[in-house]
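Chemist: Below, each chain spelled out in residue letters.
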Amino acid sequence: MAGLIARAARRQRVMRWIVVLVLGVFFLLPLVAMVMFTIREPNGHYTFSTWRLLANWKQLGQTYPDLWAGMKSSAGLAVFTVLIMLVMLVPTAVWVRLRLPKMRRFLEFVCLLPLTIPAIVLVVGLAPVYAWVTYFLGGSALTLTFAYTILVLPYAYRAIDAGLSAIDVRTLAEAARSLGAGWATVMWRVVLPNIRSAVLSASFLTVALVLGEFTIASLLNRENLQVAIDLLGKSSATMSVAVSFAALVLAFALLFLLSFAGRRRGRRGATTPDQLGAVSPSLIASEAIGERS
Amino acid sequence: MTALVSTTNSVAVRLDGLRRSFGDVHALDGLDLDIAPGELVALLGPSGCGKTTALRILAGLEDPDTGRVLVGGKDVTDRPANHRDMGMVFQAYSLFPHLTALENVEFGLMLRRQRAAQRRRRAGEMLELVGIGAHAGRYPHQLSGGQQQRVALARALAIQPQVLLLDEPLSALDAKVRVQLRDEIRRIQREVGTTTLFVTHDQEEALAMADRVGVMRSGRLEQLGSPEDIYGRPATAFVADFVGLSNRLPGRVSDSGVEVLGTVLPLIDSSAAPVGAAVTAMVRPESVNLEVDPQGVARVLAASFLGPTSRVTVALPDDTLVLAQVASSRLHELSPGTATRVVLQPTPVVVSTA
Chain A
1 MAGLIARAAR
11 RQRVMRWIVV
21 LVLGVFFLLP
31 LVAMVMFTIR
41 EPNGHYTFST
51 WRLLANWKQL
61 GQTYPDLWAG
71 MKSSAGLAVF
81 TVLIMLVMLV
91 PTAVWVRLRL
101 PKMRRFLEFV
111 CLLPLTIPAI
121 VLVVGLAPVY
131 AWVTYFLGGS
141 ALTLTFAYTI
151 LVLPYAYRAI
161 DAGLSAIDVR
171 TLAEAARSLG
181 AGWATVMWRV
191 VLPNIRSAVL
201 SASFLTVALV
211 LGEFTIASLL
221 NRENLQVAID
231 LLGKSSATMS
241 VAVSFAALVL
251 AFALLFLLSF
261 AGRRRGRRGA
271 TTPDQLGAVS
281 PSLIASEAIG
291 ERS
Chain B
1 MTALVSTTNS
11 VAVRLDGLRR
21 SFGDVHALDG
31 LDLDIAPGEL
41 VALLGPSGCG
51 KTTALRILAG
61 LEDPDTGRVL
71 VGGKDVTDRP
81 ANHRDMGMVF
91 QAYSLFPHLT
101 ALENVEFGLM
111 LRRQRAAQRR
121 RRAGEMLELV
131 GIGAHAGRYP
141 HQLSGGQQQR
151 VALARALAIQ
161 PQVLLLDEPL
171 SALDAKVRVQ
181 LRDEIRRIQR
191 EVGTTTLFVT
201 HDQEEALAMA
211 DRVGVMRSGR
221 LEQLGSPEDI
231 YGRPATAFVA
241 DFVGLSNRLP
251 GRVSDSGVEV
261 LGTVLPLIDS
271 SAAPVGAAVT
281 AMVRPESVNL
291 EVDPQGVARV
301 LAASFLGPTS
311 RVTVALPDDT
321 LVLAQVASSR
331 LHELSPGTAT
341 RVVLQPTPVV
351 VSTA
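In the order they appear, the protein sequences are chains A and B.
Heads up: the first sequence is residues 1 to 293, going by the working numbering.
Heads up: the second sequence is residues 1 to 354, going by the working numbering.
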């Protein structure tokens, strides 16, 4: 009996390693290939000149002005999208929980809607709207913030809703109100500190999505990081792949940070990692990476 | 501690004709209630009787459809919750999870722009008052349920509210802590002298803590009186039934009271039914004596041991069940099947004609 159990355990261990190995090769091989592509010269020698240039931002801006502009646009877009998303979504989600609980399902439905509409279809709808946006606000890439705010809603809503589910918002708000707090104080001093990790998650996911977005920017003729990488691919393939790789690593780093924040919060007992994981990091990563493919 | 008491201004509270509906449900149906300065009134009633709605309207967390709320003679019906100056302890644990016990108590004082040192001192004093000064630095998740409710009480009292509102604060606690905390809340309330409205579905809690108890039914006060009155002289069959246990025994109204099982019992309200009417009398188990008698027509069915006293159920020949409270020392002579005689003590009873 003991021998049987030991054999089964060994078999399980071997299977586990095989799965890890196959998945490791599946995920790492393309990444290794990307890195190799950026450091290998046609004559077979290795050089890190592409990476050195990427690290030297000043020179990078002079050598590849379009890429630099795309990076700045995407960074600006990430910041503005996070801000608008938080300002719109957090008070709405809290208010719906406090005052309009029957509307919760509707809000969830509306927020999840962008997930079901392909980006290309979204663009068809957005194009005439953006004709007006361009008319009033000009053609800056930053105007994509509005479209991206809609695009990130499903992920951000899930994260914030999970955070709000972990606390008794209604009782906490009522306790604060009875102690003399106005709504702004309730929001700022009671609700926000208790859903901090959920807000962080929503922000990280938003940044990851915005940095990886290509379709909408390209079809609406705006320049962001991914559009710049795409263009760069036609003139300097190595730099294009190096920037793609860096963006990918940044997205992964953000998602790891997200998991880390979730775990730390879980230990304090307010929001569990499971709740934060309502949006799978791997799903976001694949969305962010897969946008351009 | 003396400073605490002297700084509290007790005010009178008046709920005047409060009505509140949720769809087709009338949670409050013209509720009138006066609370004297410094008094602790408990609203008692079954789920859905409107007691919590009344408290929430007083707190400003719900708006009445009609009616007025007066605190210290001032109409505060339209005043938002944060301007009503009321401390509230909730049924659910309501401490702010990101703040320590001390910071939780400081919260209301901070909103009143008290200086840091002053509010820290006051919060410390309040935590001492509720008996958990040693846990001031702990976060809510590091405190037990009873400790959390103590902090919540300290937080509510720290702001020296005009009115203290307790919304079933003990219902989530285990029995022993509940009794302990209930006595302490009463002690502290007496000490600070804050006018208090306490909502509960637990009759024992209401009777033990309150100066006056209001029994509610379908959004109205069925009876408002001292705990002794509510228990000993229930105004209606509902009150007699809801507060404490009552035997519903058939009887007939006579000139001198109501005749039940061959004994004439005085009526609490002699106008409740005309002479000769068949009624149901509400007889407390402690008013029922059981005498072991081989000729007796009642048979013991079951007994439940409750410590110093026990409850014995006997069946009459017509299958009417009678519950009697006896000293536990007598349990050995009242084993199931024993023939007994039921003797009623002539304590005043309430009757219903239904």
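It should be emphasised that the hints constitute simulated quantities derived from the structure, not laboratory data.
Among the hints, erroneous ones may be present.
What the hints assert, rightly or not - In silico DMTMM-like links for lysine to aspartate or glutamate, alpha-carbon gap of 25 Å or less:
id, chain 1, residue 1, chain 2, residue 2
1, A, Lys102, B, Asp24
2, A, Lys102, B, Asp63
3, B, Lys176, B, Asp255
Chemist: Each hint needs a verdict: does it hold in this structure or not?
Modeler: Checked hints:
no. : hint                  : verdict
1   : Lys102/A <-> Asp24/B  : holds, 17 Å
2   : Lys102/A <-> Asp63/B  : holds, 19 Å
3   : Lys176/B <-> Asp255/B : violated, 47 Å
In this structure, the one hint that does not hold is number 3.
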